[in-house]
Amino acid sequence: MSAASRGILSHLRLLSFSCRVEAPHQRSFCALPVVGDSEIETSSRVIEAKPGVMTPSSRRTGAIGVKCGMTALWDKWGARIPISVLWLDDNIVSQVKTVEKEGIFSLQVGAGQKKEKHLTKPEVGHFRAQGVPLKRKLKEFPVTEDALLPVGTQITVRHFIPGQYVDVTGITRGKGFQGGMKRWGFAGMPASHGASLSHRSIGSTGQRDAPGKVFKGKKMPGRMGGKQCTVKNVWIYKIDPVRNLMWVKGQVPGAEGNFVFIKDAVYKKPDISLLPFPTHFIPEGEDTTELEPLTVDLGEVDPFMAAD
Amino acid sequence: MLGGVSRRWVASAVRHAGAGYRRILAPLCSSTSSPPSSPSFVLRPPANKLDTHGELIISHNGIFKPWIVANKYSVRCMTTVGNPEVSSGQESSVASPETDKPHSIKFKRLDKTAKHIMNILDKEAVDKVQDERDIPDIRPGYIIQLKVEVPENKRRISSMKGIVIARRNAGLNTTFRLRRLVSGVGVESVFPLYSPNIKEIKVVDKRKVRRAKLYYLRDRMNPFKK
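Read top to bottom, the protein sequences are chains L and E.
Number 322 in this note's numbering belongs to position 274 of the first sequence; there are no gaps in the numbering.
Number 1171 in this note's numbering belongs to position 122 of the second sequence; there are no gaps in the numbering.
With the rest of the complex left out, here is chain L (with noise of 0.2 Å):
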């Protein structure tokens, strides 16, 4: 009876201490974004959409594509390029994420197209907010300052140069349950030597009594693909800003029709002086629809003969 009583007092005692302690805290909690929110209407970070100079430091938005397939061309030298196509579907700009707001630096891009009724209500909501058309897909990109782009920016294609070197990133398709052979590498076991059952099993997986245990994350059998993989380096050969196709070399992650995410190579840095920045600008009067794809330049120099 007293144990009770003592609990239901110490519990009303922690109500009232975290009552009291949470008390001053949302208070500050709620007039700290006030002050902030109307400092940021009278300074008013204004985002314009100019081109700007590119730092080293400086990183750009990424963009939104569909894996449209793999194909071969032959450059011009005769040599054969294995290609996917990429397909930047509508990509504008949905939200800018701030740093007096969101605490980051970065851009919401949205693509594709989709109806109302085929959205959740905080789905249109979101997209009524910013003001923009609803879009199939959003990622995020996080950048530096200078890179910022105003809501509905749309970017193209020609955000991105033949030539250059991007990193994308995409779900890899499911394989299921798979062995150690084929999901790690494994070598397997002997053919022959009298090994019985066991030609593609993973061997051992650990010591004797000393650790007695299999280690955790032990590479073994299991579920493979369907997980988000980033192919470095993917270089681009050639893009039609007409349609907003882009053709890299190799094989980017996912199956025909998967959304990717196209950045700017990590390592492979791209030339900064010849990127468009913060993303490339249709400029008045243009006609988009009578643009000429642009392959990249290969040089004067014929590969095969230069060989020797």
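Rather than coming from a laboratory, the hints here were simulated on the basis of the structure.
Among these hints, one or two may not hold up.
[Stated by the list, open to error] DSSO-like, lysine-lysine: derived pairs with alpha carbons at most 30 Å apart:
hint	chain 1	residue 1	chain 2	residue 2
1	L	K162	E	K1161
2	E	K1255	L	K162
3	L	K275	L	K145
4	L	K297	E	K1157
5	E	K1262	L	K297
6	E	K1164	L	K187
7	L	K187	L	K317
8	E	K1262	L	K165
9	E	K1262	L	K311
10	L	K124	E	K1177
11	E	K1257	L	K163
12	L	K169	E	K1157
13	E	K1157	L	K124
14	L	K187	L	K124
15	E	K1164	L	K280
16	E	K1164	L	K275
17	E	K1164	E	K1262
[What the hints assert, rightly or not] Some chain E residues close to chain L (C-beta under 10 Å, calculated; not the full set):
hint	residue
18	F1156
19	A1163
20	H1165
21	D1171
22	V1199
23	E1201
24	A1215
25	N1218
26	N1222
Since this is a predicted model, take the numbers as computed values, not measurements.
C-beta atoms are modelled at their ideal positions from N, C-alpha and C, and glycine is treated no differently.
Since chain L is already given, all that's left is putting chain E on it; use the hints.
Same frame as chain L, now just chain E:
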């Protein structure tokens, strides 16, 4: 302010949901008036071709031909999806909001859209190669004379003659299999039909064959004798 803009977007999207037919017609007019100036870009064909195409459409005026046009336009549709506001500035006939809703490329499922785009690109690439070079029709049973440039071998041109024993149709990646005898040994080589390294294809003889893959010739010593 912001709410107003968004409402405009939503409303326009709903309003113009069925405006696809108009959009198909409008760019047709615009393209005939100003022929595109891109010889390399096959999807928008050269001016003379475009004219003949236009005549065809007018003369037939059936169900089938306009469908082709719609299909042709579909690719440019793809672009207008990409930039509805710009197209509104350029083409007066196409208003900006209606460009983003109806377009004739497959839209509901993204994998089908992707496939559709790849088909279009593949067709374009094949048409481009066929415009540039005259590639004869190659079928199994033809005996052909080939001149192939080998870039890896200092771009020397090697010539070979043999019988086509198979053809694999795959758009730009179409290949054929050539069987010939080199010093008494049968050699089969696979060539991409549209490769720029094939400098010349000459059909020497046409054998009458009754199947598509002549793999039975492997069991015969001399492929030229049947």
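Problem set entry | Hints breached by this structure | 2, 5, 8, 9, 11, 13, 14, 24, 25
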